[in-house]
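*Asks:* Sequences listed follow chains A and B, in order. Mapping of the first sequence onto this note's numbering: residues 121 to 373, in sequence order. Mapping of the second sequence onto this note's numbering: residues 113 to 418, in sequence order.
There could be a bad hint or two in this list.
[Said to hold, decoys possible] The calculated lysine-lysine pairs, modelled on DSBU-like cross-linking and capped at a C-alpha distance of 35 Å, are:
#, chain 1, residue 1, chain 2, residue 2
1, B, 183, B, 117
2, B, 183, B, 334
3, B, 239, A, 240
4, A, 259, B, 239
5, B, 334, B, 117
6, B, 334, B, 239
7, B, 239, B, 183
8, B, 183, A, 240
9, B, 117, B, 406
[Unchecked claim] Which chain A residues stay away from chain B? Per the calculated CB distances, all over 12 Å, these:
#, residue
10, 127
11, 142
12, 163
13, 165
14, 213
15, 269
16, 270
17, 273
18, 274
19, 317
20, 335
21, 343
22, 348
23, 349
24, 360
Hints were generated in silico from the structure; no laboratory data involved. No experiment lies behind these values; they were computed from the predicted model shown. For each residue, glycine too, the CB sits at the ideal point set by N, CA and C.
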Amino acid sequence: MPDYTPQELMVVCAAREIQDGEVVFVGMRLPLIAFALAKRTHAPNAIGLFELGLVRDAPSPELLYTMGDPPNILGAEWATRMVNVMGLLAQGRADLGFIGGAEVDRYGNLNTSRIGDWNKPTVKLPGSGGGADIASLAKRLAVILAHDQRRFRERVDFITSPGYGEGGNWRTRVGLPRGGPGAVITTLGVLGFDPETGEALLRSYHPFTSVEHIQANTGWPLRLAPDLAPTPEPTPEELRIIRECDPQGFWTR
Amino acid sequence: MPSTKVMTMREAVERFIPDGASVALGLALEPLIPFAAGHELIRQQRRNLTLIGPISDILFDQLIGAGCAHKVQAAWVGNVSEGLAHNYRRAVEQGIPHPLTVEEHSNFSIALSLLAAGLGAPYLPTKSLLGSDIPAQNGTFRQSSNPWTGDPLLLIPAIRPDVTVLHVQRADEDGHAHAWGSLGICEEAALAAEGIILEAEEIAPRETLLSDPNRVIAPAFKVLAVVHEPGGAHPAPVQGCYNRDHAFYREYHQQTRTLDGFHAWQEHWITGVANRQEYLARLGSERWDALAIKTHRYAAPVDYGY
Numbered sequence: 121m122p123d124y125t126p127q128e129l130m131v132v133c134a135a136r137e138i139q140d141g142e143v144v145f146v147g148m149r150l151p152l153i154a155f156a157l158a159k160r161t162h163a164p165n166a167i168g169l170f171e172l173g174l175v176r177d178a179p180s181p182e183l184l185y186t187m188g189d190p191p192n193i194l195g196a197e198w199a200t201r202m203v204n205v206m207g208l209l210a211q212g213r214a215d216l217g218f219i220g221g222a223e224v225d226r227y228g229n230l231n232t233s234r235i236g237d238w239n240k241p242t243v244k245l246p247g248s249g250g251g252a253d254i255a256s257l258a259k260r261l262a263v264i265l266a267h268d269q270r271r272f273r274e275r276v277d278f279i280t281s282p283g284y285g286e287g288g289n290w291r292t293r294v295g296l297p298r299g300g301p302g303a304v305i306t307t308l309g310v311l312g313f314d315p316e317t318g319e320a321l322l323r324s325y326h327p328f329t330s331v332e333h334i335q336a337n338t339g340w341p342l343r344l345a346p347d348l349a350p351t352p353e354p355t356p357e358e359l360r361i362i363r364e365c366d367p368q369g370f371w372t373r
Numbered sequence: 113m114p115s116t117k118v119m120t121m122r123e124a125v126e127r128f129i130p131d132g133a134s135v136a137l138g139l140a141l142e143p144l145i146p147f148a149a150g151h152e153l154i155r156q157q158r159r160n161l162t163l164i165g166p167i168s169d170i171l172f173d174q175l176i177g178a179g180c181a182h183k184v185q186a187a188w189v190g191n192v193s194e195g196l197a198h199n200y201r202r203a204v205e206q207g208i209p210h211p212l213t214v215e216e217h218s219n220f221s222i223a224l225s226l227l228a229a230g231l232g233a234p235y236l237p238t239k240s241l242l243g244s245d246i247p248a249q250n251g252t253f254r255q256s257s258n259p260w261t262g263d264p265l266l267l268i269p270a271i272r273p274d275v276t277v278l279h280v281q282r283a284d285e286d287g288h289a290h291a292w293g294s295l296g297i298c299e300e301a302a303l304a305a306e307g308i309i310l311e312a313e314e315i316a317p318r319e320t321l322l323s324d325p326n327r328v329i330a331p332a333f334k335v336l337a338v339v340h341e342p343g344g345a346h347p348a349p350v351q352g353c354y355n356r357d358h359a360f361y362r363e364y365h366q367q368t369r370t371l372d373g374f375h376a377w378q379e380h381w382i383t384g385v386a387n388r389q390e391y392l393a394r395l396g397s398e399r400w401d402a403l404a405i406k407t408h409r410y411a412a413p414v415d416y417g418y
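So here's chain B without its partners, still in its complex pose (with noise of 0.2 Å):
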């Protein structure tokens, strides 16, 4: 029987992710970034979506400046060699293009929201944050105690994405996929979510997949989608199948200072495409293989027998 999970970005985004729902992507920080599938987002104009994330290095940024985000749930939106993220601001400060609800988390925060609703707990305590304002300015957190020491605590309550979008370097028909690398909150967060939708560089066999198996990030029947997508995470960096764009985030700072910029920016790069193959044919090879891998490091194979 063919694989009912295979399919383009722009079906995954139709079927699996409508207006007002809430989605959790960029959960590796810095690498793994699914930009394929937000700017698949912003083609298909969504509307009202939550986006839940630790950091999120550019990605937020443009989904919030395309008018698809009306509240975000993350330790921090901006650029991470850059600095400041500017649609975030206007959106923030100016209500442009419309106002943004905005509760404030600590990448543990978020990470334990995550790790809560994937292990069915209704939140989870720490003490981290006392004494910071996140938690009033956030408003779902509560402040309580230890029961046994009456120590302070504050509880995380568990968020639950609709969907979580991730990026791995490969996966199989049926939603087995492998990543590597730091991972960050990937794996809470696909255990959190309702469903999963994977853009991989490569498909592979299920055999290559199952050969080990403790490299699978998340239970393959959660998966809603596979999208094959080579170049799907660009600017942000995969291990072992190419580096970070320093300079695509220099540019995008530089360029989305002013509104128009921003909406020429995403005229060019997102809007006047019509898929990932047509971005990175807009990037150039010659820009496209000065990221390419220098040297290849694969590590040692493990056994599984018995």
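Excised from the complex, chain A in its bound form (with noise of 0.2 Å):
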């Protein structure tokens, strides 16, 4: 077995999303922490934008249970409106955004909404937050879930933050302006799109797994990459700041 967990991994995957210099509108849970990563190792020039108004160049000092945490706060570069920070992404200022959900289909589109029968779900899920938004407007999105059969879907049953719909150019045709999911991270590997037809491409899988059990975990005949790969497993430096931001294992264990 491998010494670190899968959402170890993830969080390494997610922070590996963050460029440079980017301006990232950072999520909930697991991005939080991959945020904190990407600024002390490879991105130390990126900067965060939280949704509930923040903006901040420097991670939290402390591990975050939610964006609106006092220590998120402390030290931050600008504390302002929501439609502030909503407005910069709107305007196309956001390079990457971050984003979670409880079901995925072949072209990205996720479903935070609601499982079955619109007027009579099977489950009633939380619904979008800002997802929705980042989904609509950020110029490249990555999501983070867990990969089972039963949220891998060939059609979700409610598009809450759109991907490429029904593939091709179909973004373009309903009027969004830029964007669409570039990764899918989940517990087993990474998906990327094809940029011809949007549909979603195995393009890593993690050690610990293999893309036979991948693709049995995925509602649709799950297309590879050509440039498929073993994830790159976590470094030491990378497993120990993780560590040091998460040390109870809140969301990595």
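Work from the hints to combine the two standalone chains into their complex.
*Replies:* Right, dumping it as structure tokens:
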């Protein structure tokens, strides 16, 4: 068995999506740690936007259970109103956004609203939060969720956060100004997207799993990216930083 | 002349939030959630409320479980550090305690709804949510196009709450209020509403509030009631006053999985206490003290002189 958890590897994968100097719309949970990890390793000049109205150029000094925890406000570059931060997103000033989801489909559409019949759902999920806005308006989207057949569906019942819709030029057709998912980071691997068709492709598989296992846990025939490779393992330095950020393992164990 | 705005939470809710009212609350997202006001609504058994907010970190779930709400206009109803909201699920999936009308929003669309109302505008346009199923489910948005370019646009209609409830660090007797930290859509909701109820950690002299008018969050003339309610946001955090009680959210999540579990939780924390002071006494000083600010960090003073 590896000496790290799937969540720790997901944090590492999420951090690697952040390029130095990028403006990142940081979501809830694992991305809170991924932002801190990226800042302390390869992306020291990344800027974090938080939808409740925060801009930070340094990670919070303490583990965050929510983006509104007091340590996240201390030392912020700007503490303001949500519309100002959402306005930056709407203008196209966010290079990368992170969101989670309950279900994702073949074209990277996410459902965090309702499973089953809209009017009589079998599961009422909490809803969009800022997820649908980030998926609509960020230049690039990274999605984080657990990988199983129940969550990876041919079509989601409800598109909360738009991916590539029905594929092809769907985003342009419906009027979205830019963006779309670049990566889906899961407990088993990382999916990318075919630039022509918008279909999800398996880009890497985590070292403790296999391509067959991932395909068996995906609700459609998952195609493989031409450069498919194993996910690079976390470095000792990355693991040290993650465990420093989350010493009790609240999010990562 | 003595202020007529300072009153208890019981009186504020009795006078200004009748059955059927639309109420915006929890507007700073995870911090500054006015739980004291929400719990008083439950004690007074308000019915048919419309709840308006961006996310609601368990407060809407409690109001729904107690049967106070008939409609929710929100982007997210759940428990931010723990996950799903059990009462919200029971209401939407099974009609328990009664059916609930939900108009799904995103954080930006609810913000635009309130901003529009605050601007006196009928709607605001956005490119967000084009292609999402949220507009179809919500039913109040309109798909349109930019009159200059023809590009698709979504029109988000104004929402004007009857009352916006804000938890703030300090207020004076006239309703001037200072709040700090990230403010989410507090200002938009305060400007959109017919009236504002403030619950404040501290009642300070008017001179203190007016010494920093840039920090005043809303026009005092819209404020209906000022309630001195220290600890009124617990378990949510208040910058400079107390931290978030993460364990409380976990306990709520675990103890409200079943309807009976929620009823027991509600009896213990809401209906079994008369007011916020009794709630805090039940919480206990040891637990309360553990949430205290560890190191104070004061901002530099600013000079308004001329």
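*Asks:* All the hints need checking, so say for each whether the structure fits it.
*Replies:* Hint by hint, here is what the structure shows:
1. Distance check on the hinted pair: residue 183 (chain B) and residue 117 (chain B) sit about 29 Å apart at the alpha-carbon level, within 35 Å; holds.
2. As the CA atoms of residue 183 (chain B) and residue 334 (chain B) are separated by approximately 25 Å, the hinted pair is consistent with the 35 Å bound.
3. Pair hint residue 239 (chain B) plus residue 240 (chain A) holds up; C-alpha atoms about 29 Å apart against a cutoff of 35 Å.
4. The straight-line distance between the Cα atoms of residue 259 (chain A) and residue 239 (chain B) is roughly 14 Å, inside the 35 Å bound, and the hint therefore holds.
5. This hinted pair checks out: residue 334 (chain B) and residue 117 (chain B) have alpha carbons roughly 11 Å apart, not beyond 35 Å.
6. Restraint check for residue 334 (chain B) and residue 239 (chain B): satisfied, since their Cα atoms lie roughly 32 Å apart, inside the 35 Å limit.
7. For the hint pairing residue 239 (chain B) with residue 183 (chain B), the CA-to-CA distance comes to about 26 Å; that is within 35 Å, so the pair holds.
8. Taking the CA atoms of residue 183 (chain B) and residue 240 (chain A), the gap is about 16 Å. The hint holds against a cut of 35 Å.
9. A C-alpha spacing of about 33 Å is found between residue 117 (chain B) and residue 406 (chain B), which places the hinted pair at or below 35 Å, so the restraint holds.
10. The beta carbon of residue 127 (chain A) sits about 15 Å from the closest Cβ of chain B, which is more than 12 Å, so the claim that it is off the interface holds.
11. Once the 12 Å rule is applied to beta carbons, residue 142 (chain A) is consistent with being away from chain B; the minimum gap is 21 Å.
12. Against chain B, the non-interface label of residue 163 (chain A) holds: every CB pair exceeds 12 Å, the least being about 23 Å.
13. With a closest Cβ-Cβ approach of about 23 Å to chain B, residue 165 (chain A) is found to remain outside the 12 Å limit, as its non-interface label requires.
14. With a least CB separation of 14 Å from chain B, residue 213 (chain A) remains clear of the 12 Å interface cut-off, as annotated.
15. Every C-beta of chain B lies more than 12 Å from that of residue 269 (chain A), the closest at about 20 Å, which supports listing it as non-interface.
16. For residue 270 (chain A), the requirement that its beta carbon stay farther than 12 Å from each beta carbon of chain B is met, with the minimum near 15 Å.
17. Non-interface status of residue 273 (chain A) relative to chain B is upheld: no Cβ of that chain comes within 12 Å, the nearest being about 14 Å off.
18. The claim that residue 274 (chain A) lies off the interface holds: its Cβ sits roughly 16 Å from the closest Cβ of chain B, which is beyond the 12 Å cut-off.
19. Listed as a non-interface residue, residue 317 (chain A) keeps its Cβ farther than 12 Å from every Cβ of chain B; the least gap is roughly 17 Å.
20. Every CB of chain B is more than 12 Å from the CB of residue 335 (chain A) (nearest about 28 Å), matching its label as outside the interface.
21. The beta carbon of residue 343 (chain A) is kept farther than 12 Å from every beta carbon of chain B, the shortest such distance being approximately 23 Å.
22. Non-interface call for residue 348 (chain A) relative to chain B: holds, since the shortest CB-CB distance, roughly 29 Å, exceeds 12 Å.
23. Under the 12 Å C-beta cut-off, the non-interface status given to residue 349 (chain A) relative to chain B holds; the minimum distance is some 32 Å.
24. No Cβ of chain B comes within 12 Å of the Cβ of residue 360 (chain A); the nearest lies about 24 Å off, and the non-interface call holds.
Checked against the numbered hints above, the structure breaks none of them.
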